[in-house]
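J.: One-letter residues, chain by chain:
2 protein chains.
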Amino acid sequence: MSHNTLTKIFFSIVFISVSASPLFSQKVNTEDSLMLRKIFDTALLEGKSYDWLEYLSNDIGGRLSGSLEAERAVEYTKKELEKLGLDKVWLQPVMVPKWTRGIPEYAYIETAPGITSIANICALGGSVPTPDGGIKAEVIEVKGIDELEALGTEKIKGKIVFYNRPMQANLISTFSAYGGCVDQRYQGAMEAAKYGAVGVIVRSMNLRKDDYPHTGSMTYGDTPANMRIPACAISTNGADYLSSALKLMPSLKFYFKQKCKVFPDVQSYNVIGEITGTQFPNQYIVVGGHLDSWDLGDGSHDDGAGCVQSMEVLRLFKKMNYQPKHSIRVVLFMNEENGLRGGREYAQQAQLKNETHVFALESDAGGFTPRGFSFDIDDATFTQVKSWAPLFKPYLIHYFEKGGSGADIGPLKNDQMVLAGLRPDSQRYFDHHHAANDTFDAVNKRELELGGAAMASLIYLFDRYGTKKEFTTIKK
Amino acid sequence: MSHNTLTKIFFSIVFISVSASPLFSQKVNTEDSLMLRKIFDTALLEGKSYDWLEYLSNDIGGRLSGSLEAERAVEYTKKELEKLGLDKVWLQPVMVPKWTRGIPEYAYIETAPGITSIANICALGGSVPTPDGGIKAEVIEVKGIDELEALGTEKIKGKIVFYNRPMQANLISTFSAYGGCVDQRYQGAMEAAKYGAVGVIVRSMNLRKDDYPHTGSMTYGDTPANMRIPACAISTNGADYLSSALKLMPSLKFYFKQKCKVFPDVQSYNVIGEITGTQFPNQYIVVGGHLDSWDLGDGSHDDGAGCVQSMEVLRLFKKMNYQPKHSIRVVLFMNEENGLRGGREYAQQAQLKNETHVFALESDAGGFTPRGFSFDIDDATFTQVKSWAPLFKPYLIHYFEKGGSGADIGPLKNDQMVLAGLRPDSQRYFDHHHAANDTFDAVNKRELELGGAAMASLIYLFDRYGTKKEFTTIKK
Numbered sequence: 001m002s003h004n005t006l007t008k009i010f011f012s013i014v015f016i017s018v019s020a021s022p023l024f025s026q027k028v029n030t031e032d033s034l035m036l037r038k039i040f041d042t043a044l045l046e047g048k049s050y051d052w053l054e055y056l057s058n059d060i061g062g063r064l065s066g067s068l069e070a071e072r073a074v075e076y077t078k079k080e081l082e083k084l085g086l087d088k089v090w091l092q093p094v095m096v097p098k099w100t101r102g103i104p105e106y107a108y109i110e111t112a113p114g115i116t117s118i119a120n121i122c123a124l125g126g127s128v129p130t131p132d133g134g135i136k137a138e139v140i141e142v143k144g145i146d147e148l149e150a151l152g153t154e155k156i157k158g159k160i161v162f163y164n165r166p167m168q169a170n171l172i173s174t175f176s177a178y179g180g181c182v183d184q185r186y187q188g189a190m191e192a193a194k195y196g197a198v199g200v201i202v203r204s205m206n207l208r209k210d211d212y213p214h215t216g217s218m219t220y221g222d223t224p225a226n227m228r229i230p231a232c233a234i235s236t237n238g239a240d241y242l243s244s245a246l247k248l249m250p251s252l253k254f255y256f257k258q259k260c261k262v263f264p265d266v267q268s269y270n271v272i273g274e275i276t277g278t279q280f281p282n283q284y285i286v287v288g289g290h291l292d293s294w295d296l297g298d299g300s301h302d303d304g305a306g307c308v309q310s311m312e313v314l315r316l317f318k319k320m321n322y323q324p325k326h327s328i329r330v331v332l333f334m335n336e337e338n339g340l341r342g343g344r345e346y347a348q349q350a351q352l353k354n355e356t357h358v359f360a361l362e363s364d365a366g367g368f369t370p371r372g373f374s375f376d377i378d379d380a381t382f383t384q385v386k387s388w389a390p391l392f393k394p395y396l397i398h399y400f401e402k403g404g405s406g407a408d409i410g411p412l413k414n415d416q417m418v419l420a421g422l423r424p425d426s427q428r429y430f431d432h433h434h435a436a437n438d439t440f441d442a443v444n445k446r447e448l449e450l451g452g453a454a455m456a457s458l459i460y461l462f463d464r465y466g467t468k469k470e471f472t473t474i475k476k
Numbered sequence: 001m002s003h004n005t006l007t008k009i010f011f012s013i014v015f016i017s018v019s020a021s022p023l024f025s026q027k028v029n030t031e032d033s034l035m036l037r038k039i040f041d042t043a044l045l046e047g048k049s050y051d052w053l054e055y056l057s058n059d060i061g062g063r064l065s066g067s068l069e070a071e072r073a074v075e076y077t078k079k080e081l082e083k084l085g086l087d088k089v090w091l092q093p094v095m096v097p098k099w100t101r102g103i104p105e106y107a108y109i110e111t112a113p114g115i116t117s118i119a120n121i122c123a124l125g126g127s128v129p130t131p132d133g134g135i136k137a138e139v140i141e142v143k144g145i146d147e148l149e150a151l152g153t154e155k156i157k158g159k160i161v162f163y164n165r166p167m168q169a170n171l172i173s174t175f176s177a178y179g180g181c182v183d184q185r186y187q188g189a190m191e192a193a194k195y196g197a198v199g200v201i202v203r204s205m206n207l208r209k210d211d212y213p214h215t216g217s218m219t220y221g222d223t224p225a226n227m228r229i230p231a232c233a234i235s236t237n238g239a240d241y242l243s244s245a246l247k248l249m250p251s252l253k254f255y256f257k258q259k260c261k262v263f264p265d266v267q268s269y270n271v272i273g274e275i276t277g278t279q280f281p282n283q284y285i286v287v288g289g290h291l292d293s294w295d296l297g298d299g300s301h302d303d304g305a306g307c308v309q310s311m312e313v314l315r316l317f318k319k320m321n322y323q324p325k326h327s328i329r330v331v332l333f334m335n336e337e338n339g340l341r342g343g344r345e346y347a348q349q350a351q352l353k354n355e356t357h358v359f360a361l362e363s364d365a366g367g368f369t370p371r372g373f374s375f376d377i378d379d380a381t382f383t384q385v386k387s388w389a390p391l392f393k394p395y396l397i398h399y400f401e402k403g404g405s406g407a408d409i410g411p412l413k414n415d416q417m418v419l420a421g422l423r424p425d426s427q428r429y430f431d432h433h434h435a436a437n438d439t440f441d442a443v444n445k446r447e448l449e450l451g452g453a454a455m456a457s458l459i460y461l462f463d464r465y466g467t468k469k470e471f472t473t474i475k476k
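In order, the protein sequence lines correspond to chains S and L. Reading the first sequence from the start, the letters are residues 1 to 476 in the numbering used here. Reading the second sequence from the start, the letters are residues 1 to 476 in the numbering used here.
Some clues are possibly wrong.
The list treats identical chains as one, so a pair stands whether inside a single copy or across any two.
What the hints assert, rightly or not - Taking lysine-lysine and the DSS-like style, the derived pairs with C-alpha atoms no more than 25 Å apart in a straight line are: (1) K78 <-> K155; (2) K386 <-> K38; (3) K48 <-> K209; (4) K194 <-> K209.
To be clear, the hints were calculated from the coordinates, so they are not data collected in a lab.
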C-alpha cells in the first residue's frame with residue numbers, strides 16, 4: 001500500500017471512531033469510555049509488559065516446574081511486583097512435580113540396516129525413559145486411539161504405535177482443532193500399552209508443516225509402573241515423512257532414546273500481588289497467567305505473555321491512580337503445564353481463609369491481538385457483561401461469548417463468581433505451543449500490550465459495576 | 001495452556017457455533033451459510049495462495065516497477081492463471097516509471113573528525129542521488145513540516161533536515177498512525193528545499209524499534225530539477241540514536257551517499273484473468289492487489305499477499321464449480337507503489353470499452369488475519385451489505401464499516417459501483433512495510449488463506465445478490 005490510499009483510510013478511521021460514539025454512549029457511561037481510552041493509551045505509550053517478557057524469556061528462559069528457571073522466575077516477578085507499590089506482594093508455597101527431559105532425545109528411521117534418516121522428536125512431558133540403549137521396533141500407524149481395538153494385540157504387540165491424526169485445518173479456532181487431536185498425546189501411550197505396544201510416537205499438535213516437535217502433558221492413568229511405555233512427539237514434517245516411508249516399506253524400524261526422569265516433588269510458589277480494595281477489601285478479583293512453561297522454548301506465548309499482561313493490569317491501575325473498590329490480585333500460578341498444583345493450591349487457600357472471590361480472568365492463549373473474552377457465566381449475568389461490549393469496539397475487540405476461562409482459575413469456580421478467559425487471535429498459537437520456537441521474537445509488542453489493556457478494561461468494569469451477586473440485585 | 005482447559009474450550013466453541021446459527025439464519029440464507037463454509041473449508045484444506053506467494057517471494061523477490069523481477073512476476077502469474085481454466089487470461093500493457101536504487105546507500109554520523117557511527121538508511125523511492133562524493137552537513141531535527149517556517153532559511157540553509165515525528169503508538173489502527181506521519185516522507189524534501197536544505201532524513205514509518213529503514217514514495221511536486229534534494233529514511237533505532245546524539249552535540253554532521261536514478265518509462269503490464277458471467281457477462285466484478293512492490297524485501301505482505309489471495313478467489317470458484325452470474329476478473333495491478341499507472345490504465349481501458357463495473361475489492365493491507373472490510377459506498381447500499389455481516393461471524397470477521405477501499409481500484413470509482421478493501425489485523429503491518437523484512441517468513445499460511453476465503457465470500461455475495469443498482473431496485 002502506498003501513500004495514495006492512506007489519506008482516505010485515515011479519514012475513514014477518524015470517521016468510524018466518531019460515528020461509533022453515539023451507538024455505545026447510549027448504553028455505557030462516557031466516563032467508562034474515557035477510562036478505557038486512558039487504559040489503552042497508557043498501555044500502548046508507556047507499557048512495561050514487553051520488557052518484563054524480554055527478561056522472563058531471554059534472561060531466564062523455559063520455566064518447567066521444579067527447574068532452576070522456574071525458581072528464578074518466581075524471584076524475578078516477585079521483585080518486579082514489589083517495585084509497583086502494591087499493598088501486598090507475597091509467595092504462596094506449593095509443592096510441584098519435577099520431571100526432567102534429561103539429555104536430548106535421539107531418533108531415526110531405519111529402512112534397511114545402516115540406512116537411516118533422522119527424526120525430530122521430543123519426549124512428552126511425564127513420559128518414562130526408554131531403556132538405556134533406546135528402543136528399536138516396527139511401527140504401526142493409526143489415526144486415533146479408536147483404531148487400536150480393531151487392530152488388537154496381535155498387530156500391535158512389540159511395535160511402536162504412531163498416532164498421526166492431524167489437527168483439522170478448516171476449523172477457525174485452532175483451539176478447537178487442538179481439542180480434536182490431543183487425546184492422542186494425552187492418553188495415547190496408556191491406551192497403546194494395553195495392546196502390548198513398546199512405545200508411542202505422536203504427531204505434534206501443530207497446524208504448520210515444520211521441523212519442531214511439540215511436547216505437552218500425558219497420563220499413564222492407573223497403568224502399573226512396569227507397564228508404562230515411553231512416548232515422544234515427532235514434528236509435523238517428520239510425521240509426514242514417516243507416514244510416507246511406511247507406505248513404501250511397512251516393515252521399517254523406528255529407533256528412539258530418551259532419558260527423562262521423575263524426581264520427588266519440590267517446593268515452589270505462586271507469586272501474588274494485591275491492591276487492596278477501598279470499598280470491598282474482602283472481595284477479590286483475580287487476574288493471572290501461569291509462570292511455569294515447557295522447557296523447549298522460553299515460554300513467551302505460553303504463558304509468559306499471560307503473566308506479564310496480568311502484572312501490567314495492576315501496574316496500569318497504579319500508574320493511573322485508579323483505586324479499585326474490590327481487592328485486585330495478580331496471581332502468577334505455578335505448574336499449570338504438568339500438574340495444576342498452583343491453581344489448586346490458590347483455590348484451596350482461598351477456601352480455607354474464607355475469601356470471597358467475585359471475578360477471575362486468565363490470559364493463557366498467547367500474546368496475540370486480543371479478539372475478546374469468553375465467560376464461564378450464567379445467562380443473566382452474561383447479558384449484563386455483554387452490554388459492555390460496545391465499549392471495546394473502538395479497540396477492535398468484538399468477541400464476547402460464553403465459554404471456558406482458564407485452567408488455573410478453574411478450581412476457584414463457584415456459583416457466586418464469574419470466570420473469564422482472554423481470547424487472542426488463535427491462528428499462530430499452535431505454531432509455537434510447547435515447542436522450541438515459543439520464543440520472545442514471536443511476540444509482537446503492540447499485540448501483547450493490547451491484550452493487557454483489554455484485560456485491565458474488563459477488570460475495571462467488573463470492579464466498578466460489581467460482581468455477579470450485585471448484578472442480580474441490580475436486575476429489575 | 002495445557003490439556004486441562006481444552007475440553008472446556010472445545011465444547012464452548014461447539015456451543016457457540018450452534019447457538020449462533022439461529023441468530024443469522026433469520027437474516028441470511030442457509031445456502032449462503034453453507035457456501036461460505038465450503039469456501040473457507042476449501043481455502044484452508046486445499047489452498048494454493050501460500051505456494052504462489054512462496055514463489056513470488058523467494059524465487060522472484062522484490063518487484064519494483066520496471067525491474068526484471070516485476071517482469072518475471074508478470075510472466076509467472078499469467079502462467080499460473082492460465083492453469084486455472086479461466087475463460088480468459090491476458091496482459092494489459094501499461095508504461096511504468098523506472099527508478100533504481102543503485103548501489104547500496106551509505107551513511108554515518110560524525111561527532112568529531114574521524115569519530116563516526118554507522119546509520120541504517122535507504123533512499124526514498126523517487127529521490128534524486130546525492131553528488132558522487134555524498135553529502136556531509138549539519139542536521140536540524142524537526143517534528144514536522146510545520147516547524148520549517150518558524151526556523152526559516154537562516155537556520156535551515158545548508159543543513160540536512162531530519163524529520164523525526166514518530167508514528168503514534170496509541171492509535172489502534174496502525175494505518176491511522178501511518179496517515180498521521182507520512183507527510184514527512186512524501187513532501188518532506190520538497191518543503192525543506194524551499195528553505196535551502198541540502199538533504200532530508202526521515203524517521204522510518206515503523207512502530208517498532210529496529211534497524212530496518214523503510215522506503216516509500218515521495219514527491220518533488222513542481223520543484224525544478226536543479227533544486228531537488230536527496231531524501232533518505234533512517235531506521236527507528238537510527239532515528240532515536242541520531243536524536244540523542246544531536247542533544248549532546250548539535251553541531252554533529254551527517255554523511256550520506258545514494259546513487260538512485262530515474263530511467264525513461266518502460267513497458268509493463270497488468271495481469272488479468274476472467275471467469276465470464278452466465279447471466280451478466282458484460283457486468284464486471286474485480287478482485288485484485290498490486291504485483292509490483294518495493295525492492296528492499298520481497299514484497300510478501302505488500303502486496304504479494306493481496307495478489308495471491310485475489311488469484312485464489314477465482315481458483316476457489318473454479319475448484320467449487322461455482323459459475324458466477326457476473327464476470328469476475330482478477331486484476332494484478334502494476335506500479336501501485338510509485339505511480340499507480342496500472343490502476344489508472346485499467347480504469348481508462350474500462351471506460352474506453354464502456355465496461356460496466358459493479359463491484360471491486362482490493363487486498364493491500366497485508367496477509368494477516370482478516371478482521372473485515374471497509375466499503376466506499378452510500379448509506380442505503382451499506383445497510384444492505386451490512387446485513388451480510390452475520391454470515392462472517394463464524395469466521396471471526398466482525399468489521400464491516402464505511403471507509404476507503406484500495407489505491408488501484410480507486411480510479412474505477414463511479415456512482416454506480418461499490419468499492420471495498422479487505423481489512424486484516426493491522427498491528428504488525430508497519431513492522432514490515434516497505435522494508436527488507438517484508439519477507440515470506442513473516443506471512444502465516446492460515447492468516448493468508450483466511451483472507452482469501454473472506455474475499456471469495458464477499459464476492460460470492462455481491463455476485464449473488466447483485467450490484468448497487470440492483471440493491472436500489474430491491475429496496476422497498
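J.: Against this structure, judge whether each hint is valid.
T.: Here is what the structure says about each hint:
| no. | hint | in the structure |
| --- | --- | --- |
| 1 | K78 <-> K155 | neither (54 Å within a copy, 52 Å between copies) |
| 2 | K386 <-> K38 | within (21 Å within a copy, 31 Å between copies) |
| 3 | K48 <-> K209 | between (34 Å within a copy, 15 Å between copies) |
| 4 | K194 <-> K209 | neither (31 Å within a copy, 55 Å between copies) |
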